[in-house]
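Chains A and B, in that order, are what the protein sequence lines are. If you count the first sequence from 1, you need to add 150 to reach the numbering used here. If you count the second sequence from 1, you need to add 150 to reach the numbering used here.
In short, the hints are calculated from the structure, not lab data. Do not rely on the hints blindly, as some may be mistaken.
[What the hints assert, rightly or not] Far from chain A, some chain B residues (derived; all Cβ distances over 10 angstroms):
hint : residue
1    : E273
2    : K455
3    : A465
4    : E471
5    : G490
6    : G503
7    : Q536
8    : H537
9    : E542
[What the hints assert, rightly or not] Here are a few chain B residues that face chain A, going by a calculated C-beta distance under 7 angstroms:
hint : residue
10   : V266
11   : G272
12   : R348
13   : I504
14   : R507
Heads up, the beta-carbon is just placed ideally off N, CA and C, and yes, glycines get one too.
Number of protein chains: 2
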Amino acid sequence: MTPTSARPIFGGAMSRRRLLGGVAGLGILGASGAGLTSCAASTADTAGSAEQVVPFHGSRQAGITTDVQDRLAFAAFDATATRREDLVDMLKTWTAAAAAMSRGVMVPGDSHADQVPPADTGETVGLLPARLTVTIGFGPALFDGRFGLAPRRPTVLAELPPLPGEILDPACCGGDIAIQACADDPQVAFHAVRNLARLGRGAVVTRWTQLGFGRTSATGTGQQTPRNLMGFKDGTRNIRSDDSATLDKFVWVGAEAGQEWLRGGSYLVARRIRMFVETWDRDRLSDQEAVFGRAKYTGAPLTGKAEFDPPDFAARTADGEPTIQDKAHIRLAAFEANDGLRILRRGYSFTDGIDARTGTLDAGLFFISFQKDPAQFIALQRKLGQHDALNEYIRHVGSAVFACPQGVADASGYWGRSLFEG
Amino acid sequence: MTPTSARPIFGGAMSRRRLLGGVAGLGILGASGAGLTSCAASTADTAGSAEQVVPFHGSRQAGITTDVQDRLAFAAFDATATRREDLVDMLKTWTAAAAAMSRGVMVPGDSHADQVPPADTGETVGLLPARLTVTIGFGPALFDGRFGLAPRRPTVLAELPPLPGEILDPACCGGDIAIQACADDPQVAFHAVRNLARLGRGAVVTRWTQLGFGRTSATGTGQQTPRNLMGFKDGTRNIRSDDSATLDKFVWVGAEAGQEWLRGGSYLVARRIRMFVETWDRDRLSDQEAVFGRAKYTGAPLTGKAEFDPPDFAARTADGEPTIQDKAHIRLAAFEANDGLRILRRGYSFTDGIDARTGTLDAGLFFISFQKDPAQFIALQRKLGQHDALNEYIRHVGSAVFACPQGVADASGYWGRSLFEG
Numbered sequence: 151m152t153p154t155s156a157r158p159i160f161g162g163a164m165s166r167r168r169l170l171g172g173v174a175g176l177g178i179l180g181a182s183g184a185g186l187t188s189c190a191a192s193t194a195d196t197a198g199s200a201e202q203v204v205p206f207h208g209s210r211q212a213g214i215t216t217d218v219q220d221r222l223a224f225a226a227f228d229a230t231a232t233r234r235e236d237l238v239d240m241l242k243t244w245t246a247a248a249a250a251m252s253r254g255v256m257v258p259g260d261s262h263a264d265q266v267p268p269a270d271t272g273e274t275v276g277l278l279p280a281r282l283t284v285t286i287g288f289g290p291a292l293f294d295g296r297f298g299l300a301p302r303r304p305t306v307l308a309e310l311p312p313l314p315g316e317i318l319d320p321a322c323c324g325g326d327i328a329i330q331a332c333a334d335d336p337q338v339a340f341h342a343v344r345n346l347a348r349l350g351r352g353a354v355v356t357r358w359t360q361l362g363f364g365r366t367s368a369t370g371t372g373q374q375t376p377r378n379l380m381g382f383k384d385g386t387r388n389i390r391s392d393d394s395a396t397l398d399k400f401v402w403v404g405a406e407a408g409q410e411w412l413r414g415g416s417y418l419v420a421r422r423i424r425m426f427v428e429t430w431d432r433d434r435l436s437d438q439e440a441v442f443g444r445a446k447y448t449g450a451p452l453t454g455k456a457e458f459d460p461p462d463f464a465a466r467t468a469d470g471e472p473t474i475q476d477k478a479h480i481r482l483a484a485f486e487a488n489d490g491l492r493i494l495r496r497g498y499s500f501t502d503g504i505d506a507r508t509g510t511l512d513a514g515l516f517f518i519s520f521q522k523d524p525a526q527f528i529a530l531q532r533k534l535g536q537h538d539a540l541n542e543y544i545r546h547v548g549s550a551v552f553a554c555p556q557g558v559a560d561a562s563g564y565w566g567r568s569l570f571e572g
Numbered sequence: 151m152t153p154t155s156a157r158p159i160f161g162g163a164m165s166r167r168r169l170l171g172g173v174a175g176l177g178i179l180g181a182s183g184a185g186l187t188s189c190a191a192s193t194a195d196t197a198g199s200a201e202q203v204v205p206f207h208g209s210r211q212a213g214i215t216t217d218v219q220d221r222l223a224f225a226a227f228d229a230t231a232t233r234r235e236d237l238v239d240m241l242k243t244w245t246a247a248a249a250a251m252s253r254g255v256m257v258p259g260d261s262h263a264d265q266v267p268p269a270d271t272g273e274t275v276g277l278l279p280a281r282l283t284v285t286i287g288f289g290p291a292l293f294d295g296r297f298g299l300a301p302r303r304p305t306v307l308a309e310l311p312p313l314p315g316e317i318l319d320p321a322c323c324g325g326d327i328a329i330q331a332c333a334d335d336p337q338v339a340f341h342a343v344r345n346l347a348r349l350g351r352g353a354v355v356t357r358w359t360q361l362g363f364g365r366t367s368a369t370g371t372g373q374q375t376p377r378n379l380m381g382f383k384d385g386t387r388n389i390r391s392d393d394s395a396t397l398d399k400f401v402w403v404g405a406e407a408g409q410e411w412l413r414g415g416s417y418l419v420a421r422r423i424r425m426f427v428e429t430w431d432r433d434r435l436s437d438q439e440a441v442f443g444r445a446k447y448t449g450a451p452l453t454g455k456a457e458f459d460p461p462d463f464a465a466r467t468a469d470g471e472p473t474i475q476d477k478a479h480i481r482l483a484a485f486e487a488n489d490g491l492r493i494l495r496r497g498y499s500f501t502d503g504i505d506a507r508t509g510t511l512d513a514g515l516f517f518i519s520f521q522k523d524p525a526q527f528i529a530l531q532r533k534l535g536q537h538d539a540l541n542e543y544i545r546h547v548g549s550a551v552f553a554c555p556q557g558v559a560d561a562s563g564y565w566g567r568s569l570f571e572g
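So here's chain A without its partners, still in its complex pose (with noise of 0.2 angstroms):
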């Protein structure tokens, strides 16, 4: 049967939407092609992607190097499980089930047998796939005594150390496993994690959640930088996705010793970060542009006329002073000031209502980065949150670190095969 041809709505591993003809099973002849990354699915412009399948299986994880899709839905689990059994068990339920979500499918199981709770909770029928990716990471804390992974932790996957520039919650930090959900659709997204999380009870339990909208990277060729809450362009020094040496060497786990399981993944660390965006609107504008070392509208650094000019850290004012200012966040985030180092950044905007003890807008980024080694984004802060300019307009509140394992390479697969079987 072929993916255009029509189907009764009471099927089994359908297509949320009935009829949908040749757009839809052009999506879902992409998702077969296992064998391709995940970019090779994400080139296109946003017009009409919610149409689009990014293929689940591969040798890498969908997420990570896909184009920034519009929403995220990101939810943190403690394992609950006391059995090792138990947790890959869950981890093969939520691979299936995230493998056919992301071709716009329902959950396997009966969602139409009368006297049975539906195997998918249906929100998203009628809905398109939205270029929905579900990532997966392994907490630090996951490899403590409770599954017998403790032997296969790998040395640098730790709890961050405490960082300047934070103050935590410990209500929006850590947890044993993550899932990071993007899609072009809010109600896709939020569906998946809720629906691994229904799959995952007994084994895991929703432990934080966070919400977010906006791209704020620039991976690929076709998409515009998207603003971050402060008004500026966030993310034109971006590795781009088409970037693959970059990506191969500070990205990727390779053949480092010590975590062979986890070659081909990499390391995801979340910070949600608040700005206080009531301070920043008093600001003037010369000094919003001071802060970044960029011009606001254009997104040119300071001693540039477009975005992609390359920023000359060496200028210098009629006044002699440095024309992109020492505590510039571009200034000291950029990787010639950092030994070349180098992270792929990937974060949402949030609005979470009214902190209820400043009455200010608890908005900001929910920061995502991947890196091969958690240390690149530990040095970063280091450096920034002592001195970045920024820091008089933002916080960070919320921390994780996450191992992200290889792709899934096809249904006979499960997330984390490697680190259980392996």
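Since the structure of chain A is provided, determine the placement of chain B on it from the hints.
The following block gives chain B in isolation, referenced to the frame of chain A:
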């Protein structure tokens, strides 16, 4: 100068997108048709809708019968101004800003001068208008002694009485003024609320906010009925935006005594309805369908085959039981069972992380309804809150009511003029 000509980015009331050409031009021309009702611009399908402008000016406020946009940012404010004229000044500033943002241009004022804070916070530069509507309402508390408005309070504008099915959290109840911002882009909706909060500094403080996503009503004829987080289509029997006779009868305030200033306006009732999704997800399909009185996937009433088949409330099963049970949500809410009573619903789904007290998802429906008298909502909720089979799975936790004045006819007017000057 025509709106389609290329303008430098450093202009005044300019499109946020440079060189958009014909598309933005159409949108801006559309906005100049101030005589159009907001419905007129809202019949297109969702594709490409981000490019559209919903006219701000008109006899009615936009955002009430406008086809529901994808995203919501709602804020309730408390007035801190002590003088009536300061409140009026703020409303004038707000009106000009809302009109500009609805057209997709920056908040009026200088956003480019070096030595002052930008007039616009800037995070929507480069984004499309996204069908933004900004709608204002005045709460009962505004009509106390502070601003001399007590004599103008319509008798029916009062805090809602205690209602069955609610356990209210004061942190998401009430407010002197409400702003409902809806757009197809969450950053555009958030930007509107944030900038009004900023412009209102000294006259108002934010009391609570709520973000939402998805559409929970089916106004117009071009939209599919969206699904709520229980997986059911929600809004099948809502009032349609082209049904002006029903809107006049149930939604728009007419010549009723004691509220002449509100003629052409409406009352907004907001209810934060928490859904216990974990419990719901464990319920079997047949019970879920009995609770609503509809089939989950097709949306058809249990007495019909297709979504828009009229429910047959008299139908009985072979056992002699009502096919749509007595406590089914659609039976209790049906106008046939409520002396023909109707309201216009315009709600959004929300997911706000984890409820720290229970470890469950803080998710549900941010219910918004418009009616010509809050008594319409009160009557329905008295009935639903007592008898609805849904009550096992939901709880009303937030509540507010606001009087939404008529529209602002043109740039010489402002929100609430009929209240303050009439």
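Outcome of the hint check:
Not every Cβ of chain A is farther than 10 angstroms from the Cβ of E273 (chain B); the closest lies at roughly 5 angstroms, contradicting the non-interface assignment. With a closest Cβ-Cβ approach of about 13 angstroms to chain A, K455 (chain B) is found to remain outside the 10 angstroms limit, as its non-interface label requires. For A465 (chain B), the shortest C-beta to C-beta distance to chain A comes to about 19 angstroms, beyond the 10 angstroms cut-off, and the non-interface label holds. For E471 (chain B), the condition that its CB be more than 10 angstroms from all CB atoms of chain A holds, with the nearest at approximately 16 angstroms.
Listed as outside the interface, G490 (chain B) is consistent with that label: its C-beta sits roughly 31 angstroms from the nearest C-beta of chain A, beyond the 10 angstroms cut-off. Non-interface status of G503 (chain B) relative to chain A is broken: a Cβ of that chain comes within 10 angstroms, the nearest being about 5 angstroms off. The Cβ of Q536 (chain B) sits about 27 angstroms from the closest Cβ of chain A, beyond the 10 angstroms cut-off, so the non-interface label holds. The beta carbon of H537 (chain B) sits about 24 angstroms from the closest Cβ of chain A, which is more than 10 angstroms, so the claim that it is off the interface holds.
Chain A leaves E542 (chain B) outside its interface by the beta-carbon criterion, the shortest separation being 15 angstroms against a cut-off of 10 angstroms. Using the Cβ-Cβ criterion of 7 angstroms, the hint placing V266 (chain B) at the interface with chain A is satisfied: the shortest such distance is roughly 5 angstroms. Residue-level restraint check for G272 (chain B) holds (minimum Cβ-Cβ distance to chain A is 3 angstroms; threshold 7 angstroms). Among the interface hints, the one on R348 (chain B) holds; its C-beta lies about 5 angstroms from the nearest C-beta in chain A, closer than the 7 angstroms criterion.
About 6 angstroms separates the beta-carbon of I504 (chain B) from the nearest beta-carbon of chain A, less than 7 angstroms, and the hint is met. The criterion of a C-beta within 7 angstroms of any C-beta in chain A is not met by R507 (chain B), whose closest approach is roughly 12 angstroms, and the hint is violated.
The earlier numbered hints that this structure contradicts are 1, 6 and 14.
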